[in-house]
Every structure is written in structure tokens, then in C-alpha cells.
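**Student:** Following the hints, position chain A against chain R.
Protein chains in written order, with the numbering used here: chain R, 1071 to 1393; chain A, 15 to 454.
What the hints contain is simulated information worked out from the structure, not anything from laboratory work.
Take these hints with a grain of salt, some might be off.
Taking lysine to aspartate or glutamate and the EDC-like style, the derived pairs with C-alpha atoms no more than 20 angstroms apart in a straight line are [said to hold, decoys possible]:
(1) K177(A) - D1221(R)
(2) K228(A) - D247(A)
(3) K177(A) - E1150(R)
Here's a subset of chain R near chain A, in silico, CB distances under 10 angstroms, partners left out [as the list claims (entries may be wrong)]:
(4) Q1151
(5) V1275
(6) F1298
(7) N1302
(8) S1315
Here the structure is a predicted model, which is why all the values come from computation and not from measurement.
For glycine and all other residues, C-beta sits at the position ideal for the given N, C-alpha and C.
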Amino acid sequence: MKNLRIHLGLLAPLLVVTAMILWPIITGNVSSREIVFTILKAIALASSLNILLGYTGYVSFGHIVFYGFGGYVGLYFVNEQGWSIWLGMLVGGIAAGMLAFLLGKAILRLRGAYFALATIGINEAMKAFINNFELFGGPIGMTINFSVYRDYGGAAQALSMSFYIMAVLTFTALIASHLVRLSKFGLGLQAIRENEDAAEVMGVVAPNAKTWAYVLSAIIPGMVGVLFFFKNGNVEPHVAFPLHSSIELLVMVMLGGQGTVLGPVLGALAYQGMRGYLVTSNFFKDIQLSVSGVLLLLIVLFIPAGAIGWLRHRVPVLRRVLA
Amino acid sequence: MKRIFFVLTALLVTFSMLLTACQQQTTEPDEPQQQATEEVVSEEPSSKEVAVIIGFTSSLTGSQEVSSKRQVNGFTHWMNQVNESGGVTLSDGTVVKFDYKTYDDESNAERVQELYTRLITEDNADFLISPYSSGLTSAASIVAEQNGKVMITAGAADDDAYKTGNTSLFQLYTPGSLYMASTVDMLVDLDPEAKIALVHESDKFSTGVAEGIKPYLEANGFEIVLEEGYASDTADFGPIVNKIAGSGATVLLGGGHYNDGTALARALYERKIGLKFVYLLVAPADTKFPELGDAALGVATSSQWELAATHTEEEANNLGVEWFGPTGEDFATSYEAAYGDPPTYHVAGGYTAGLVLQKAIIDADSVDPEAVKAALNAMNLFTFYGGIQFDTSEEAHGLQLAHKMVVAQWQKTETGELKRVIIAPADVATADPVYPIPAP
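Excised from the complex, chain R in its bound form:
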């Protein structure tokens, strides 16, 4: 019973994501499946970022670097070396984690705005590196030959399979986020977020904790990158390292509520759902970027703690389930 209470906070995110996954399966609507894929991808990335941003309090403007780097490494092995997508994703995740470990050792000694600025530089530096790295195709990137999909039953089956793999990755990201939040390690991260100096006095080895938080927050994005580029059929540097996507991830986490498991889910769902609606709406499609910008400005101005923070503040009884 006690264990059930502890894990109650995971219930709502899992239910929301499960409902989303079931929607296209029940309706059999392929277009809905593609919409949900985009949302699930955003949830997986935002939940991963939340480990660093929400629990540790470090704002990373360049988190998409792990998605791009992991994606490139994994796709290289899938497309050029003939490895399966499963091995490719594993390698992509490991590569992203290793990159985060090395970067973490170097830049996690910086705090606040200095750390945020350094992360922007890393993303741009990695983009420039890949742009000049001939093994990964340089500026031309890599294009998947359709024969790669034959191993999975053809292009249609490969795209369908990608949806289910993304669903698994999303669940994994949520469970990892939840377990980190409840763990002693997670408490250490939250202590760092509140006051890093005090946390160190209390015995938290801040540099190590931050580095492992960074590594954890990088692995899923690396795997998501491999899957997305596999599904997309090609990868180019500007597609793999879009700085605006890093900013969008920050918005999603802040919109839903940082430091919670459910927050990034709701933030990603709201943000991607809104963008998806606006871009296909006959009325809004020509002004969709302006409309989403204004809406976000209003939300951030009036609900700075995010949807979950606002609900927890207003409805105390929900505090146990809205974690």
C-alpha cells in the first residue's frame, strides 16, 4: 500500500501517454499516429531534459545536441554498416551518454547563465563538427536506402514499428524520471537545485551528481534521434541540431511544470498539440507561429510555475497524484 502511494505520481503520466498511444490504434487512423508520434517524441525529450532542468535546476539551451549526436552515430551504423535499428538505438544512446559525461565534467562547474550559454556553444560546435565530418556525410548528411526498411517488412511497417518503439522510449523516459525523482540521488539533485552550496555541505557530491544527471538526461534523446532519423529517411546537420528545438523543449518543461513527472508530459502535449492544430488549421495556418508565440507569452506571464505547479498550489488535494 505504501509502495502504491509512493508511485501514485507516475499513474497520471502513464495514463495520459497510454491514452495517446491507444488513440490511433483504436481509430486505425494513420494521420493520428503521425501526430501522436510527434507528441511522444516531444514528451520523451522534454522528460529527459526535466532531469537536468527540473530536478537539478540547470538550464540547458543546447540539449538537442544529444538527440543530434546520438542520432547521427546510430544512423551511421544502421545505414552504412547494416546494423539493426535496435543496435543502432543502443549505440546512439550510449554515444549520447558518453558525450554528456565528457561535457558534464567540463561545463557543469559553471552555474546559472554561464552554464546556459556554454550549452548553446556546444550545440553549435557539434553542428560545425558534423558538418565537416566526412564519415557522416558532411553537409550532405546521410540518406537511407529503402532496402534498409525491407528487413522490417517495408516502409509502411517500418514507420508503424517506429511508432511503437517511440511509445516504449516515452514510457522509459517517464519511468526513469519518476525513479530519479524518488531516489536518494534525485533528492541530491533537488537539493542542488535549491542551494548547491548547502547541498554540498550536507554531503551531496555536486559535481558527480550533476554529471550523472546530465548523462541520464542525454541517453533517451540519443535513442530518439536514431529512431527519428531512421523514420525520416535522412539526416543533415541543420536537421539534427536545431537550436530552436532546444528552446521549444525548455518551453514544454516550463509550460507543464518543471521538476515534476507529469509536467513535461502536459507541456509537450499542449505545445505540440497546439502547433499541430495551428499548422493545419485553415484559419490559423498562415499566422500559426505568431499565434503560438502570443499564447506562450500569456501562459508564461500568468502561470510561471507551469500547469502542474499552478494546480498543486490551488488544489492541495491533488499534490499526491500530481507529482
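**Tutor:** Same frame as chain R, but now just chain A:
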């Protein structure tokens, strides 16, 4: 303190997004967007009338905005003309009229597959036109392939996009690897001792073009003294121009898209490094290019189509190839009357995408996708835009085989106005090349 930092960060992020959005939206369309969709839908179809829906995404915002919008205008101009002339009548009396559905892909890969899936499954698109760029087209082609939809590509020049084992792509443009071939042929005659600097935008398209031409340059005995890529958002070309000057190059081949191309041309003019010939991709083909003033003088480019060198029925007859569609003059006159601007090759490409589909439906005598695909595979056609024939091999299905590019150069008329003239190939040239370019 931390809370303040977070709130400030959130505000900064949101403000930057708002600013980006506003910046992208303040660029007014160059030409009026004709919403033919509404017009067609409002007509009550007769019992023998079918409306064929053509789906595509366009880059109304983002880096490909200018070229993509022109292409859409060309396509809608074709559609309006066909519908106004009564559509296409099949042998069983069925009248085929055209309608379209489009979304903004923001030049962003993330939503392309989602949007093309929506076009096919929700909007019931019968045929597809590709997004403007090669990367987006590769993503969209997977969706087209899995749904058995024909996709005419206009703008996706990269050869690799067709070497995927696809069966549904049909390319209108000359492949990227052959973009500069006519220019190199011209240089062989003009100055076989020329030293070449290949300086291009580091993106898929421009790098593909530069990499594609290197073997051809070397086969023709040219020395490549500098190979340099620059970032897409480069605004200060000072260091790159210094490198070109230091390399001893006499001819520059390269560029990328509109913004960087104009900035590079301006920097070359200001630094006065004495190049004999400057060739840039895309930018000099735009009607806005002479806004650079004297910096535009002598700059050359390849063009998929130029009114001054438009292809004719006589040319088709001489080659023994079937002719189809309006003359280049008729196309240009009607387009200018509708949109107020002379057509660029992007406009011509959009128009021809529709024209080729129309001819394939006529040849197939059906709107069945498989029949139309077979007609496209068998097509060997000449239009005002040039030759149209597709590679039908498994290795590079859909790659354009028959279309040749012309070389255009900005020269001054007797009255001192800048005018784009055709300088190669010799059989369609309207002026001699200015070589070397006069020192500024």
C-alpha cells in the same frame, strides 16, 4: 534568486520565439496567393466530373521561403488555367478538374511526414508534389512510397534523394550534380587555363552540386585551387573573400541560396579581388538580384529556365520528341498578368509540375495512380521548360535525364540597366559572355 532566473529565462525564450514568429510573418508574399481551392469546391460537379486533389507542403516560412512561394504560384497558375479551360477530358467523357491542399512545412523536417500522411489520409490527395528541399523530399518520399502515390519533385535537386530505391519520385529539375556542367563547358572554350575556387554554402544542395562538378572540372583539365564551405547563415564574407584572393583563383564557382549568394556577391564587389568570372547558385536567378546594383554586374548562374531561351515546338520537332503545353511567351505573359511579376525558373518549375501531371493523366487516360505512374515512366516530352524524361532504373528512379540548364549572366544594356542574358549553351545564347568581368 533562482526563481527570478527561471522566470527571466522563460520570458527570454518566449520573447525570442515571438520575435522569430513576427519576423517570419512580416515578409509579405511576393505575389497574391490565389486560393483556387475555394473556387473549385464551390462549383457543383457534373456527373462525369472528377476533382483530382494535389497535395503538397510549401515553405511559407523558413529558409526556403522565397523560392518555395514562387513555385507554388507557378503551380496554382497552371491549375487555374486548366480549370478555367474546362479541365482535362478523358476518352470516356470524364472531365478531370484539379484542386489542391497545402500546408506550411516551415522548412522543418519534423512535421513533413505528419503533413504528407495527413494530405493522403485526411485530405485524400490523389497526387503529390514534393517539398522544396531535398532533405524534406527524402522524408516525404517514404510516405509517398508506402501509400503508392506519385510525387512530382520540383526543387529537390540532390541526386541522393532519388537513389533510395523509390518508385514514386519524378524529378523535374536537372540533377544537382549537373547544375554547373553547362558553365564548365563554356569555360573550356573561354579560358581552359582558369583556376577554380569552389566556394559554396555548407548545406545538402550546394555541397552536392559542388561535389558533383569536381570530377567534370578535373576531366576538363581545370585546377581547383580552393574548396571551401561556409555556414548557411554567414553574413560576413570578408574572411572567405580573403581566402579566395589568396588562392590565386581566377574563376569562382559556388554560392548556395538567396541570402548568402547576395551577401557573397556584394563582398566580392567591395573587395575588388579581380576575379574573371563569378558563378553563384540560385541567387542571381532571382528577379530581386539586380537590387545589388553594380555588384550584380557579370555574376552568372545556372537557370532551369529563362524566358529569353525558352524552349520551342520547333526544337521538339527537330529532336523528334512530342511537344506539350503553352509557349514560353504565352506562359510568361499570362503569369505576369496574374501576378504582376515576370516568372523565374521556380515559377516555371511549379507550372511544369502541373503540366507534366496533366500530360501523364492524358496519356494514361485515367487518374488511377498506377496508370499515371506508368505514363510518367514512359514519358519523353518537350515543353517550354525543356525536355522531360525520367530515369526508370532501380538505382536512381525518377532522376531527370532530359532537362538541360542554361547559363545566365547579369550584363548592362546600352541604357545602363542590368539585364539577365543567356550566355550558354551557344545554340540558345542571346549574348556573348562578359569575360573577364570588368574591374569595379
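**Student:** Tell me, in ascending order, the numbers of any earlier hints that this structure violates.
**Tutor:** As far as the earlier hints go, 2, 4 and 5 are violated by this structure, in ascending order.
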